[in-house]
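Visitor: Here is what each chain is made of, one letter per residue.
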Amino acid sequence: MSQRRAETSGISDWINQRLPVNQFFIRHLVNYFAPKNLNFWYFFGVFSLVVLANQVLTGIALAMVYTPTGAEAFASVEHIMRHVPYGWLLRYMHSTGASAFFIVIYLHIYRALMYGSYRMPRELLWLTGCVLFMVLMAESFTGYVLPWGQMSFWGAKVIAELFGTIPGIGTTLVHWIQGDYVISEVLLKRFFAFHVIAVPLILIAMVMLHIVALHSVGSNNPEGIEIKDQCDRRGRPLDGIQFHPYYTVKDIMAVLGFLIVFAWVLFYVPEFWGLFLEPANFQPANPLVTPAHIQPVWYFSSFFAMLRAVPDKSYGALVMLSAVVILCFVPWLDRSPVRSIRYKGIGSKIALSCLVLSFSILGFLGTQPAVGGYLIMARIMTGVYFACFLAMPIYTRIESCRTPPKRIQG
Amino acid sequence: MRKFFKAFISIVIALNVIELCDAAPIRLESMPQLKSSQARLISGGRLFAQHCMQCHSLQYFTHDPIGDASGVVPDRMPKIDPEAWSGHPPPDLSLITRYRGTDWLYTYFYSYYQDASRPTGSNHLLTANTSMPNPFEQLQGTHQLMISKDQLSVLEKQPASQKPPWYRILKTMHAGSIPAAEFDTQLTELVLFLEYVGEPHRAAREALGGWVIMFLLIFFVVAFLLYREYWKMLD
Chain A
1 MSQRRAETSG ISDWINQRLP VNQFFIRHLV NYFAPKNLNF WYFFGVFSLV
51 VLANQVLTGI ALAMVYTPTG AEAFASVEHI MRHVPYGWLL RYMHSTGASA
101 FFIVIYLHIY RALMYGSYRM PRELLWLTGC VLFMVLMAES FTGYVLPWGQ
151 MSFWGAKVIA ELFGTIPGIG TTLVHWIQGD YVISEVLLKR FFAFHVIAVP
201 LILIAMVMLH IVALHSVGSN NPEGIEIKDQ CDRRGRPLDG IQFHPYYTVK
251 DIMAVLGFLI VFAWVLFYVP EFWGLFLEPA NFQPANPLVT PAHIQPVWYF
301 SSFFAMLRAV PDKSYGALVM LSAVVILCFV PWLDRSPVRS IRYKGIGSKI
351 ALSCLVLSFS ILGFLGTQPA VGGYLIMARI MTGVYFACFL AMPIYTRIES
401 CRTPPKRIQG
Chain B
411 MRKFFKAFIS IVIALNVIEL CDAAPIRLES MPQLKSSQAR LISGGRLFAQ
461 HCMQCHSLQY FTHDPIGDAS GVVPDRMPKI DPEAWSGHPP PDLSLITRYR
511 GTDWLYTYFY SYYQDASRPT GSNHLLTANT SMPNPFEQLQ GTHQLMISKD
561 QLSVLEKQPA SQKPPWYRIL KTMHAGSIPA AEFDTQLTEL VLFLEYVGEP
611 HRAAREALGG WVIMFLLIFF VVAFLLYREY WKMLD
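As they're listed, the protein sequences go chains A and B.
Under this note's numbering, the first sequence is numbered contiguously, ending at residue 410.
Under this note's numbering, the second sequence is numbered contiguously, ending at residue 645.
Derived by calculation from the structure, the hints in this document are not laboratory data.
No residue lacks a Cβ here, since even glycine has one placed at the ideal position from N, Cα and C.
Any given hint might turn out to be false.
DEER-style ranges, computed between Cβ atoms [to be verified]:
(1) A:R402 / B:D645: 20 to 30 Å
(2) A:I60 / B:P492: 51 to 61 Å
(3) B:L644 / A:I376: 45 to 55 Å
(4) A:P337 / B:F625: 47 to 57 Å
(5) A:N16 / B:L644: 23 to 33 Å
(6) B:S446 / A:R402: 22 to 32 Å
(7) A:D229 / B:D645: 16 to 26 Å
(8) A:T171 / B:G620: 20 to 30 Å
(9) B:I490 / A:P287: 48 to 58 Å
(10) A:I60 / B:F625: 53 to 63 Å
(11) B:K642 / A:P337: 31 to 41 Å
Work out the full structure: start from the sequences and follow the hints.
Guide: Printed below as a string of C-alpha cells:
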C-alpha cells in the first residue's frame, strides 16, 4: 500500500516538475479568492461553460453524420433524428443548447449591467465578453443555416442581403461571401466550415481570455465593492473565500439545478412551442417558395425588430450593428461613483428596467409583421434601448447614490 | 412565478396559432384527445396506406413495426417526380405534423366544401384553390359553404380569436358512408399516425426523460447536502 502511494506521488512529482499542474489548480481554484456574497446571478458564467461543453461534444457527434450538401443536408438531419442510435438525443441536446446558450448569456450580461461588473478594473473582462457575445451570434447563425430548412435558407438570404446594403462594395461583397450569385450549397459548405472549425476556435480562445482576465482582476459582487481593498496580514481578502471548495460545491449544485430544467425542455418540449425549433424549418429549403413570414430564431428577434424599425435598409443594418457594439462602450458611459445598482440612484434603476423592457418588447415585435402599431412600437422601443445607453453619462452623474459599505455585511 | 410562467406559455402558444392560420377564414379545431396506442397508430397507418399513399410519400419513414403492420412501407410509396403535376407535386408528408401541427392537419380534412368553379369540384378553407381533392369524400360525405366567397375573404382578414370554427360556415350536403363520429375517430388516428411518423422516437424520448430527471434530482440533493456541509465551515 505504502509502496503504491509512493509510486503515485512519484508520478505526480514527475509531472509537476515538468508541468505545474498542481500549482495551476492551487493558484486558480484554492488560492483564488471570490467574494463571499456571490448570489444566484453569478451562476450564469458557469452555466455558459456547461452549455459550451455540451455544444462542442454533441456537435462533434452530429458532424460525424451531417452532410453539408444542398441535396442531403436536410435529409441527413432527419437521418440523425430517426436512424442514428440516440441521434435524436444528440440533436435535441444541440438545438436546446443553442437556445440555452443565449438565455444564459443574456442573463449573464444583465448581471454585469446590474452590479457594474464592467467598471474599472474590469473593462477588458467586459470587452472580451462583448466580443464573445458577437462570436456566439456568428456561431449560432452559421449553425442555424445548416439544417437547410426553409427558415435556414431564407434567414441566410436576409442576413446576406444586409451586407449588400453597404454602399459601393455591397453587391460584390455579398457575391464574395456567398461564393455564388444566389444562396447555394457553396454558402452551406462555407457555413459548415465556419460553424465547426473557425468560429469555435475563436470562441474557445476568447473564453480562455475571458477567464484569464477574470482571474487577474477577480469577481465583482452584488455590493459592487472591491474585496481586495480589505486584506488580512497574509494578503488574503477579508471578505473573500476560497473558490475551491466553497464555490465549486455551490456551482456543482447550481449546474445540476440547471441541468434539470435543461433536461425537462430537452425531453418534453424540445421545440419549445416553436421557439427553439421553428415549424417552418421542418420544411426543406425551397428557393422558389418564399415563406409568408421570415423571422429569425428568438434570440435574434430583438435585433431583427430594430433592423426593420428603420425605413432605410442600410441605416437599419447600422442600427442593428450599433445595438450590439454599444455594449462595448458601457464601461466609459457609466460615470457613477458606485458600481452596484444597490447603491445607484433612481435614474440607473429606471434605465436598467427600461433597457430590459425595451429589449423584451423588441423581441416580441421581431416575431410579428412590421406594420401599423407594431412598427411604431418598434421605433419607440429602439429609441428607448439606445437612450438607456446614450443618456448613461448624464443620469449616472446627476442621480444621488448611497454610499456602499467598506466591507461585505453578514 | 407560476402565474407568470402560465401566462408566458399561453402567449407563446397563442402566437404560434396566429402564425399558422393567419390567412385562413376559420380557426383551427383542437384534435380530440385520443390516447395514442399501437393499435390506433396501425389503424391510422392503414387509412394512410389506403387513401393517401397513392400520391404522397413518407420518405424519411423507413421500415418499422407500425409501418410494416399497417402497410406503410418504402417499397409501396410513390416515387415523386418534382417536375410532375406542373411543378406542384404532392408534398412528402414525413414532417407535416411538425411543420403544420396536429390541429391544422385535423382541421384540414374538415375544410373541404363543394365548389363547381374548381376542376376538382371542391375547394378548401385552409388552402384555398388546392388541387388536391378530398381523399375521404366517400367516408365523410360532402359539405357546402353557407356564406359567400366575399364574406370568406372578410373573415380571412379578421384576428384569429374572432374567426369561426369550420362547422359555423359549412353544412353537410350528403352524409358519408360511415357515421360522423366514427369518421372523426379514424381521422384522429390518421393524424396520430402522421404525428408518429414525424418523430418516431418521441415515446422513447419522453420515457428516458423521466429517468434522466430523476437521476439529476437525486444527484442535486447530494450536491445540496455537500454544499451545506462545506458552507457550514464558514460560519
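Visitor: Hint by hint, where does the structure go against what was stated? Just the numbers, ascending.
Guide: Hints 2, 6, 8, 9 and 10 contradicted; others consistent.
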